[in-house]
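K.L.:
If you want the building blocks of each chain, they are given just below.
Number of protein chains: 4
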Amino acid sequence: MAIVEVSITPLGTESPSVSQYVADCHKVLKSYPQIHSQLTPMGTILEGELSQILKAIEEMHEMPFRNNAKRVSTLIKIDDRRDRKGTMKGKIESVLSKME
Amino acid sequence: MAIVEVSITPLGTESPSVSQYVADCHKVLKSYPQIHSQLTPMGTILEGELSQILKAIEEMHEMPFRNNAKRVSTLIKIDDRRDRKGTMKGKIESVLSKME
Amino acid sequence: MAIVEVSITPLGTESPSVSQYVADCHKVLKSYPQIHSQLTPMGTILEGELSQILKAIEEMHEMPFRNNAKRVSTLIKIDDRRDRKGTMKGKIESVLSKME
Amino acid sequence: MAIVEVSITPLGTESPSVSQYVADCHKVLKSYPQIHSQLTPMGTILEGELSQILKAIEEMHEMPFRNNAKRVSTLIKIDDRRDRKGTMKGKIESVLSKME
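For the record, the sequence lines run as chains R, F, V and W.
The letter at position 62 of the first sequence is residue 62 when you use the working numbering, and the numbering goes up by one with no holes.
To convert, count from 1 in the second sequence and add 100; that's the working numbering.
To convert, count from 1 in the third sequence and add 200; that's the working numbering.
To convert, count from 1 in the fourth sequence and add 300; that's the working numbering.
Isolated chain R (complex conformation):
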């Protein structure tokens, strides 16, 4: 189980608004019910099996091209912990418990 953040940004679109592209990328995740996802103001966080997540991201990265983007910049950050099961919920709780 890995936790992966991804943000996909088309360049050279006429408008600086890219939310329609982001929404379309997100739709790809409907085909991956085993991947948990959380939308944040800066990207999407995915939790699941790493190779499946990378497969989903590769498909998400194609979406802006289908919507006529000519260049896409995609940032992926993998947090892969194997000494114990890492989850999005567990990571947040672990930090919060230490902030009291």
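Calculated directly from the structure, the hints in this document are not laboratory data.
Incorrect hints may appear among the rest.
As the list claims (entries may be wrong) - Simulated pairs of lysine-lysine, BS3-like, Cα-Cα distance not exceeding 25 Å:
1) R/K98 x F/K130
2) W/K355 x W/K327
3) W/K370 x W/K355
4) W/K327 x V/K289
5) R/K70 x W/K370
Given the structure of chain R, go ahead and fit chains F, V and W onto it with the hints provided.
P.N.:
Positioned in the frame of chain R, the structure of chains F, V and W alone reads:
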């Protein structure tokens, strides 16, 4: 107003758990009441005036060294939009409205 | 053809030096002769077919675990341009020509 | 002394070519002779005193707005090591020596 994601990671700590370091970095934000912050499973998202956010991040980046880290890797992603006011809430809503 | 930067960082390794891990990750690239690579002080830049690069990165990301790391943080940045062929060399030359 | 990679990307620029913007960002570095810089196909790597580098990056990040960009996405990765002096050259040599 900018929206900025930051994640601060100490390297060469004995344990792969870094939540105590993250919690301590977060405490710095108490001195910056004008900056809105949101903790995510992969980092912290900050909303506010860019130069003030960068000042806060520089201070957060120092925290692991005070806790004896010898090396710190910090990732910062700035989203700065000036044709209209961008907010964390507005960005999420804009994507969600296009996913229906 | 895409250009992709990757940096792979093991966490909780006791020593803050991670160059041995990086060197081992790099060895994976010997099995991918079609991918051009360039080592930088902050990561490795790869040029080639995107799905093959992602396959190589997935394999590189496994290396620190084989060397007993318990947690690995991997950052991937894809620059994928399809209106014309983008190359590492071409990108540098394009910037340099505009700096004169 | 820190080593910092930065990439500055304007969004909504009509053309997917952004090298002119990158070249203009780079010109800012002329005012910072103490910062060593290296242009890579994916960004610029800076070596120097951290707070000065962050000051330079803040100024670089303003450049695309002066050139009429409406939104700028800037990615900054700091590698700050304090148990010994880290340099761009030293990091590369350390990895290369372990690849033989």
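K.L.:
Hint by hint, note whether the structure agrees.
P.N.:
Status of each hint after checking the structure:
At roughly 15 Å between alpha-carbon atoms, R/K98 and F/K130 fall within 25 Å of each other, so this suggested pair holds. Under the criterion of a C-alpha separation no larger than 25 Å, the hint pairing W/K355 with W/K327 is consistent with the structure, at around 14 Å. The hinted pair formed by W/K370 and W/K355 meets the criterion: a straight-line CA distance of about 21 Å does not exceed 25 Å. With a CA separation close to 20 Å, the supplied pair W/K327 and V/K289 stays within the 25 Å bound.
For the hint pairing R/K70 with W/K370, the CA-to-CA distance comes to about 19 Å; that is within 25 Å, so the pair holds.
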